[in-house]
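Participant: Spelled out from the first residue to the last, the chains are:
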Amino acid sequence: MADEKIKSSEITPESVYLNRRNFMRAGLIAGTTFATGLAYRFFNQPPPPEVETAKIETVKTTENILSEADKPNSFKEITNYNNFYEFSTAKSSVAEYAKDFVTRPWTVEIGGMVNKPKTFDIEELLKFEQEERIYRFRCVEGWSMVIPWVGFPLKKLLDQVEPLGKAKYVAFQTYYDKKQMPNGRYAGIDLPYVEGLRLDEANHNLTILATGLYGKQMPNQNGAPIRLVVPWKYGFKSIKSIVKITLTDVEPPTTWNISIPNEYGFYSNVNPEVSHPRWSQATEQRIGEFSRRKTLMFNGYGDEVAKLYEGMDLRKNF
Amino acid sequence: MQDFKFNKILISLNAFVPLILFMWDGFRGNLGTNPIEFFLRTTGVLTLVFLLITLAVTPLRKIFRWNGLIKYRRMLGLYAFFYGTLHLITYSIFDKSLSVSAIVSDTFQRPFIAVGMLAFTLMIPLAVTSTNAMIKRLGKRWGKLHKLTYLVAIGGVVHFYLIVKSDIFYPVVFGLILLILLGYRFFEANKPSVKQTKLSS
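Taken in sequence, the protein lines are chains F and E. According to my numbering, the stretch in the first sequence is residues 1 to 318, in order. According to my numbering, the stretch in the second sequence is residues 319 to 519, in order.
If we strip away everything but chain F, and leave its shape as in the complex, we get (with noise of 0.2 Å):
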């Protein structure tokens, strides 16, 4: 029999051996680390690259109603944190999810009680006097920003139409369509979206159809082409992406009222002495900035609308 005995040179010796196991560890470390890492990109994606929108003429700059505290946030900031459940339920990934939402050709149909029922195109709405109007905006989850839009009173729009005199309430509705947002299957209510506002609050001065903000059209995001705005109201009263407009004379149903009715009334005025069930809105977090505001109420433009819901008890009509 041959020498069995191992030759010391096929022994590993210690250090290579130690060497080894270092290597494997810190392959471990840097696997491990790196996998942790991308979990977490995956779940907290950066935001998609500004998509530019057409400019808009805007021939009118309402007096600024607005004081110095409320400067408006930035287009980023604007652009990058919407609540359209049609696209995501997740506020910083709308604007990724919506970057392809096809917006022309496009009509707003116009009906019910009026005199004369018409279907506008979009071009004819984007040919109304176009006006920026700097509004507060407060989302019933208890944010807010301030936003620079451009648009034009719904009234002139109504006007054109012709209300008839039994003519109550507005119903409004937003596009939906299975093929441009799949995740509307999962948003965890009704689709399409509706919303409404009685005629007076409809026909105030402050509601306005806005076609873009920040003198440019409106991002797809933030509701393209052209959404409601009614600044003393919580965000969901604001419909985006309308197609539809119906006056009627009865209460017409809307979106979160039908999901959970106690949480979300049909006036749903900003009220900072009405608590949410889940959100306390005596205060809001304005974006930009790291401490609480108090809320206003009707955020701040009770001067100009608080004579509509005069007499009535607003604990009841939240």
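Hint data in this document are derived by calculation from the structure and do not stem from the laboratory. All the given hints hold, so there is nothing to weed out.
Computed spacing ranges between beta-carbons, pair by pair:
no., chain 1, residue 1, chain 2, residue 2, range
1, E, Glu506, F, Ser15, 42 to 48 Å
2, F, Gln45, E, Gly457, 48 to 54 Å
3, F, Asp121, E, Val418, 56 to 62 Å
4, F, Asn262, E, Trp342, 40 to 46 Å
5, E, Gly501, F, Asp313, 44 to 50 Å
6, E, Phe426, F, Pro261, 19 to 25 Å
7, E, Ile388, F, Asp100, 49 to 55 Å
8, F, Asn22, E, Val490, 40 to 46 Å
Cβ atoms here follow ideal geometry from the backbone N, Cα and C, with glycine treated the same way.
Use these hints to put chain E onto chain F, whose structure you have.
Facilitator: What follows is chain E alone, placed relative to chain F:
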């Protein structure tokens, strides 16, 4: 270095990855539009993730006969407590401006806050009694006390479920995983032993 020590470091490094990436994004101004909400949500989700991993230790250990796993359970539970504490601190500072009365009234007014507070409070005795000395001192009672972890996890998932407005996908995912982990324990506890089977036949 022993493998045990190395594995602990490996787990800790991974546990801190989300926090490090958060700070990195912060330095570069990439925290998105509402960093407060983002941090609040992230720490909340991480608390649940670590709670579920902690609860997965026993089933994995038994199914794969991987007994060594038990040595890492304490630190996993403590990371759940760590992220839960960050979650509560974030809420107290930025949501409630450190006002005790506001926090108390929030707790009594809002069911989801009440459930979250209860779940967090139950974690405190568990963290306090996690030392070797305490385990020895409490003896058998330690095991009973630490069954509270089940309540903490259930409370955490319910808290998550109550805060989402309509899209319940993630709370339901967490809920299903928890159901499997607790269900495993239930069936294990009620499984007739071999001896009993023999006697009855």
